[in-house]
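If you're matching them up, the sequences are chains L and U in order. Going by my numbering, the first sequence opens with residue 17, and the numbers climb by one from there. Going by my numbering, the second sequence opens with residue 189, and the numbers climb by one from there.
Heads up, some of the hints might be wrong.
[Unchecked claim] Computed list of chain U residues with no C-beta within reach of chain L, every gap over 10 Å:
#1 Pro281
#2 Glu387
#3 Ser511
#4 Phe635
#5 Asn650
#6 Gln662
#7 Thr735
#8 Phe755
#9 Glu756
[To be verified] Short, incomplete list of chain L residues facing chain U, as computed with Cβ under 8 Å:
#10 Glu68
#11 His74
#12 Ser96
#13 Ala113
#14 Ala116
#15 Asn117
#16 Ser133
#17 Gly137
#18 Ala349
#19 Glu352
#20 Leu360
#21 Arg362
[What the hints assert, rightly or not] Label pairs and their computed distance ranges (CB to CB):
#22 Ile46/L with Tyr654/U: 37 to 43 Å
#23 Asp706/U with Ala357/L: 34 to 40 Å
#24 Tyr654/U with Ala180/L: 35 to 41 Å
#25 Val305/L with Thr639/U: 40 to 46 Å
#26 Gly287/L with Lys433/U: 35 to 41 Å
#27 Val35/L with Gly594/U: 29 to 35 Å
#28 Pro332/L with Val757/U: 54 to 60 Å
#29 Glu666/U with Ile46/L: 34 to 40 Å
#30 Val35/L with Arg646/U: 23 to 29 Å
#31 Gln172/L with Ser212/U: 54 to 60 Å
#32 Ile46/L with Arg590/U: 40 to 46 Å
#33 Ser29/L with Gly594/U: 40 to 46 Å
Quick caveat, the hints were computed from the structure, so don't treat them as lab data. For glycine and all other residues, C-beta sits at the position ideal for the given N, C-alpha and C.
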Amino acid sequence: MTYLPKPKLHHPSLQKNRVGFTRRDYEGAISTLCAGCGHDSISAAIIQACWELDIEPHRVAKLSGIGCSSKTPTYFLGQSHGFNTVHGRMPSVLTGANLANRELLYLGVSGDGDSASIGIGQFVHAIRRGVDMVYIVENNGVYGLTKGQFSATADQGSKSKKGAVNTDAPVDMVGMALQLGASFVARGFSGDKQQLVPILKAAMTHTGAAFVDVISPCVAFNNHPGSTKSYDYVREHNHALCRMDFIPPRVEITVDSHPPGEVREVRQHDGSMLRLRKLPDSHDTGDRVAAMNYLHECQARGEIVTGLLYVDPEAPDLHAHLDTAPVAFNRLAEPELCPGAAALARINAGLR
Amino acid sequence: MKPIEAVNDFVVKFANVNGSGSASANELFAKCILRMGVPVSPRNIFPSNIQGLPTWYEVRVSEAGWLGRRGGYDLLVAMNPQTWDEDVAGLAPGGYLFYDNSKPLAKSKFRDDVSVIGVPLTDIANQTWDDARQRQLFKNIMYLGALSVLLGIERDVIVQLIGEQYKGKQALLEPNVHALDLGRGYAEQQLQPIGLKIERRDNVGDRIFVDGNSAAALGMVYGGATVCAWYPITPSSSLAEAFQKYCAKLRVDPETGKHRYAIVQAEDEIASIGIVTGAGWNGARAFTATSGPGISLMNEIIGLAYFAEIPVTIVDVQRGGPSTGMPTRTQQSDVAFCAHASHGDTSHVLLFPEDPHECFEFAATALDLADRLQTPVFVMSDLDIGMNHRLCKPFEWDESRRYDRGKVLTAEQLEAGVPFGRYRDVDGDGIPYRTWPGTHPTRGSFFTRGTSKNADARYSENGEDYIENMRRLQRKFETARSLLPQPVVHEAPHSTRHGAIYFGSTSPSMAEAIVKLDADGVHVDALRVRGYPFADSVREFIDAHDTVFVVEQNRDAQLRSLLIEQFEVDPARLVPVLHYDGTPITARFIARVIGERMGVADVTRMRSGKVA
Numbered sequence: 017m018t019y020l021p022k023p024k025l026h027h028p029s030l031q032k033n034r035v036g037f038t039r040r041d042y043e044g045a046i047s048t049l050c051a052g053c054g055h056d057s058i059s060a061a062i063i064q065a066c067w068e069l070d071i072e073p074h075r076v077a078k079l080s081g082i083g084c085s086s087k088t089p090t091y092f093l094g095q096s097h098g099f100n101t102v103h104g105r106m107p108s109v110l111t112g113a114n115l116a117n118r119e120l121l122y123l124g125v126s127g128d129g130d131s132a133s134i135g136i137g138q139f140v141h142a143i144r145r146g147v148d149m150v151y152i153v154e155n156n157g158v159y160g161l162t163k164g165q166f167s168a169t170a171d172q173g174s175k176s177k178k179g180a181v182n183t184d185a186p187v188d189m190v191g192m193a194l195q196l197g198a199s200f201v202a203r204g205f206s207g208d209k210q211q212l213v214p215i216l217k218a219a220m221t222h223t224g225a226a227f228v229d230v231i232s233p234c235v236a237f238n239n240h241p242g243s244t245k246s247y248d249y250v251r252e253h254n255h256a257l258c259r260m261d262f263i264p265p266r267v268e269i270t271v272d273s274h275p276p277g278e279v280r281e282v283r284q285h286d287g288s289m290l291r292l293r294k295l296p297d298s299h300d301t302g303d304r305v306a307a308m309n310y311l312h313e314c315q316a317r318g319e320i321v322t323g324l325l326y327v328d329p330e331a332p333d334l335h336a337h338l339d340t341a342p343v344a345f346n347r348l349a350e351p352e353l354c355p356g357a358a359a360l361a362r363i364n365a366g367l368r
Numbered sequence: 189m190k191p192i193e194a195v196n197d198f199v200v201k202f203a204n205v206n207g208s209g210s211a212s213a214n215e216l217f218a219k220c221i222l223r224m225g226v227p228v229s230p231r232n233i234f235p236s237n238i239q240g241l242p243t244w245y246e247v248r249v250s251e252a253g254w255l256g257r258r259g260g261y262d263l264l265v266a267m268n269p270q271t272w273d274e275d276v277a278g279l280a281p282g283g284y285l286f287y288d289n290s291k292p293l294a295k296s297k298f299r300d301d302v303s304v305i306g307v308p309l310t311d312i313a314n315q316t317w318d319d320a321r322q323r324q325l326f327k328n329i330m331y332l333g334a335l336s337v338l339l340g341i342e343r344d345v346i347v348q349l350i351g352e353q354y355k356g357k358q359a360l361l362e363p364n365v366h367a368l369d370l371g372r373g374y375a376e377q378q379l380q381p382i383g384l385k386i387e388r389r390d391n392v393g394d395r396i397f398v399d400g401n402s403a404a405a406l407g408m409v410y411g412g413a414t415v416c417a418w419y420p421i422t423p424s425s426s427l428a429e430a431f432q433k434y435c436a437k438l439r440v441d442p443e444t445g446k447h448r449y450a451i452v453q454a455e456d457e458i459a460s461i462g463i464v465t466g467a468g469w470n471g472a473r474a475f476t477a478t479s480g481p482g483i484s485l486m487n488e489i490i491g492l493a494y495f496a497e498i499p500v501t502i503v504d505v506q507r508g509g510p511s512t513g514m515p516t517r518t519q520q521s522d523v524a525f526c527a528h529a530s531h532g533d534t535s536h537v538l539l540f541p542e543d544p545h546e547c548f549e550f551a552a553t554a555l556d557l558a559d560r561l562q563t564p565v566f567v568m569s570d571l572d573i574g575m576n577h578r579l580c581k582p583f584e585w586d587e588s589r590r591y592d593r594g595k596v597l598t599a600e601q602l603e604a605g606v607p608f609g610r611y612r613d614v615d616g617d618g619i620p621y622r623t624w625p626g627t628h629p630t631r632g633s634f635f636t637r638g639t640s641k642n643a644d645a646r647y648s649e650n651g652e653d654y655i656e657n658m659r660r661l662q663r664k665f666e667t668a669r670s671l672l673p674q675p676v677v678h679e680a681p682h683s684t685r686h687g688a689i690y691f692g693s694t695s696p697s698m699a700e701a702i703v704k705l706d707a708d709g710v711h712v713d714a715l716r717v718r719g720y721p722f723a724d725s726v727r728e729f730i731d732a733h734d735t736v737f738v739v740e741q742n743r744d745a746q747l748r749s750l751l752i753e754q755f756e757v758d759p760a761r762l763v764p765v766l767h768y769d770g771t772p773i774t775a776r777f778i779a780r781v782i783g784e785r786m787g788v789a790d791v792t793r794m795r796s797g798k799v800a
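Can you build the whole structure from these sequences, using the hints too?
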């Protein structure tokens, strides 16, 4: 971390997006994480994605739990409301926030301790309810703030900095998200921003529970030989599933120049298009079962699969399940909410 | 032993088997008496079970209008062989034992000092219906018919109530009326009149008959709650279910059919309170309903909501604790716990409804207070109020009433340059201003956290910032005292140095006990606490009396502890009167304990149950 304050002035020539903001307007306070932390790269990718998507910062609510990852919402989108909740409980607080006002974009930022251990129940149930959100797990396999204990996503046999070997089987949150019915499931790597930014943009424009697992090496406690979440290990074992271009709704889709079969286009609910350039052996992103198989096959080969694994662009979200009115509940007042004295008199009459 | 003779003043106890369909027949019995203008107060006494275990329904008939549990019973409807012995043993001497005599029972199974009334319910049912379930269900209606003749309940009243129950379902109406008349016919031809009678009066007035959980749910609808998150737990589940039912009728957009409410049955109480906290943070009115074990799980987030200052409304329908405790029995044993729920220095606002009327009122008030004070507010109901039908004043709603959304800055205010610092005490009442997410493009955003912060919501580990914030929270709590429902005082007819403080479901028994004590020359002024932190008038009441009895339904005298803590009064002046066996407190108990403490010579007479 640095103690130098960020200058508030922008260079006048900084490029503005369609809603009049520069990239700097999407930044937050200076990070207090360790230099080289993968989480800071993810924050940068979030900033980039929001700026490129022309999202008004105040239309985003960012929520997190507790831990290094959960500190990061302070370091991006300083014009957005943020909520650093308690350990492992971001999903429920985000669910409530989303029910109160469906019109905002909800970013849930969590870590592997937060979501795979103490909060695994909340992760599970928020995903299976289909809460319209981007659920980002900044996954480093280790507890950073408490100095290097294994987390539940640490691979069996991986070594801690102090040399201890993890004997417990890992929780695979991507596999769980697929099984639980997430309508958008992807994995990224904090060291590959080119891949991560389009993934985040696609997740942010997706309606429904979008789950993004981002492998994010911990430079202080989990970046050594023997770790399976180090920069070196992930680079060596990264199996990038596909390259994805995100095409916003307003851009005219030109005739595809790629040979058929290699490119798959997915039109999302908001009109945006995901153009997926597939690798030869990759699976169909519209097939949940195939995605689960593919994930497990790669795992068996010792590969960390990254990219978009599954998307259902038409999945109903929690609001659709609950059939809620298409309005922010926090704007409803007495006329819409209070049935009035006459209705109460009828209720009283029925109770005599 | 002379048979008991009483008009409109006795207790009937139904002993049934859980799942036998007796509940609706028993409720019908209670309602018939109400329709004849005579107040009744029924109570379910039930096990933690769906089918097979014993269940009881006690109906106190009281022309005088006493709605507390009396204790004892004068007429036993013994429909459960499993509990026969203990049920019969508990019947008052001179009482009446009504039973199904289809099968002969040994003489040793009866008592000499009670009147025995046998009706061959099973035989008649078997002769009349082929279907086993029908035989079972109509047996209940048959005993209702026989009882109506014995007690003088008008047939027309029952038939009308059955008609209301099965409105539009003619196929169900006729066999029920037939079963009723079978029971009535047998009683008219075969049974002797008994000493207990219902006579028509006009003592019910415009009061309504409803359970506290339904009332609180309706209060949440009227109070503008749009988000409800809950986890099933006795005795609060029916509150969330009633909210669902009322919302489906009252909160659907008439044009689109879309819902202006969202109800989530969460995975546990931690998620319930998390959802409510998230919704409150984002400007929707939200609540959860739970019981003690749920509050235990919610503690961490309750502390977050207190420290981050987020409106949260919690209905605690209290049951017996600790741990799983007595899930189907009543207590007021979460009071001290809720007052300081969560770690660190926390203090919470509590409201104590006395009956369904106040459950409705306080539910809506709690939503206002939570918004005004930006803090968790607890409505401290209990099983006795929540799960039993109680006669109470009709619900009221003033059309001019507006929701108090508290200090929320709008986009217009922010645009006009109103300065904003989330935790600044601008008005000196300890309550800061807040903004909802998404309000203004460049102004009013802040970061909410449970860790320490300065007045502008920036992260701070500075001790001075922390202390300033904690002191402001104390000031806010002081502000709450004048905003809460104020205590209700009942002065004794003669000036006295003795007082009593009570709250919640103790109310009807307390009212009865006081009248009884007055009649015995023991005069006690009484104050019903309706909110915590306590109003100044509670202190004045304590100061005005030498001895104050604090009547409550828990072991540890929890309200008394809070009184001592807040007012730093001499504990010796606050005398605990504690009832905590899981049954609702009775006037007999209160009068006896207070009488004993005050050295009343005539204690024996009170003990015998002839008082109150």
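Checked hints:
1. Pro281: holds (36 Å)
2. Glu387: holds (20 Å)
3. Ser511: The assertion about Ser511/U holds, with a minimum of 21 Å to chain L.
4. Phe635: Its Cβ does come within 10 Å of chain L, the nearest being 4 Å, so this is violated.
5. Asn650: About 16 Å separates Asn650/U from the closest Cβ of chain L, which puts it past 10 Å; holds.
6. Gln662: holds (23 Å)
7. Thr735: holds (40 Å)
8. Phe755: holds (33 Å)
9. Glu756: holds (33 Å)
10. Glu68: violated (18 Å)
11. His74: Since chain U brings a Cβ to about 5 Å from His74/L, closer than 8 Å, the hint holds.
12. Ser96: Given a least distance of 6 Å, the restraint on Ser96/L holds.
13. Ala113: holds (4 Å)
14. Ala116: holds (3 Å)
15. Asn117: This hint holds: Asn117/L lies near chain U, its Cβ roughly 5 Å from the closest one there, short of 8 Å.
16. Ser133: violated (14 Å)
17. Gly137: At 6 Å from the nearest chain U Cβ, Gly137/L passes the 8 Å test, so the hint holds.
18. Ala349: Interface hint status for Ala349/L: holds (7 Å vs cutoff 8 Å).
19. Glu352: holds (6 Å)
20. Leu360: holds (5 Å)
21. Arg362: Hint on Arg362/L: violated, closest Cβ of chain U at ~10 Å, above 8 Å.
22. Ile46/L with Tyr654/U: 37 to 43 Å: violated (23 Å)
23. Asp706/U with Ala357/L: 34 to 40 Å: holds (38 Å)
24. Tyr654/U with Ala180/L: 35 to 41 Å: holds (37 Å)
25. Val305/L with Thr639/U: 40 to 46 Å: With a Cβ separation near 43 Å, Val305/L and Thr639/U satisfy 40 to 46 Å, so the hint holds.
26. Gly287/L with Lys433/U: 35 to 41 Å: Holds, at about 39 Å.
27. Val35/L with Gly594/U: 29 to 35 Å: Holds, since Val35/L and Gly594/U (Cβ atoms, about 31 Å apart) stay within the stated range.
28. Pro332/L with Val757/U: 54 to 60 Å: holds (59 Å)
29. Glu666/U with Ile46/L: 34 to 40 Å: holds (38 Å)
30. Val35/L with Arg646/U: 23 to 29 Å: holds (26 Å)
31. Gln172/L with Ser212/U: 54 to 60 Å: With a Cβ separation near 58 Å, Gln172/L and Ser212/U satisfy 54 to 60 Å, so the hint holds.
32. Ile46/L with Arg590/U: 40 to 46 Å: With Cβ atoms ~44 Å apart, the hint holds.
33. Ser29/L with Gly594/U: 40 to 46 Å: holds (44 Å)
Violation of the numbered hints given earlier is confined to hints 4, 10, 16, 21 and 22; the remaining hints are satisfied by the structure.
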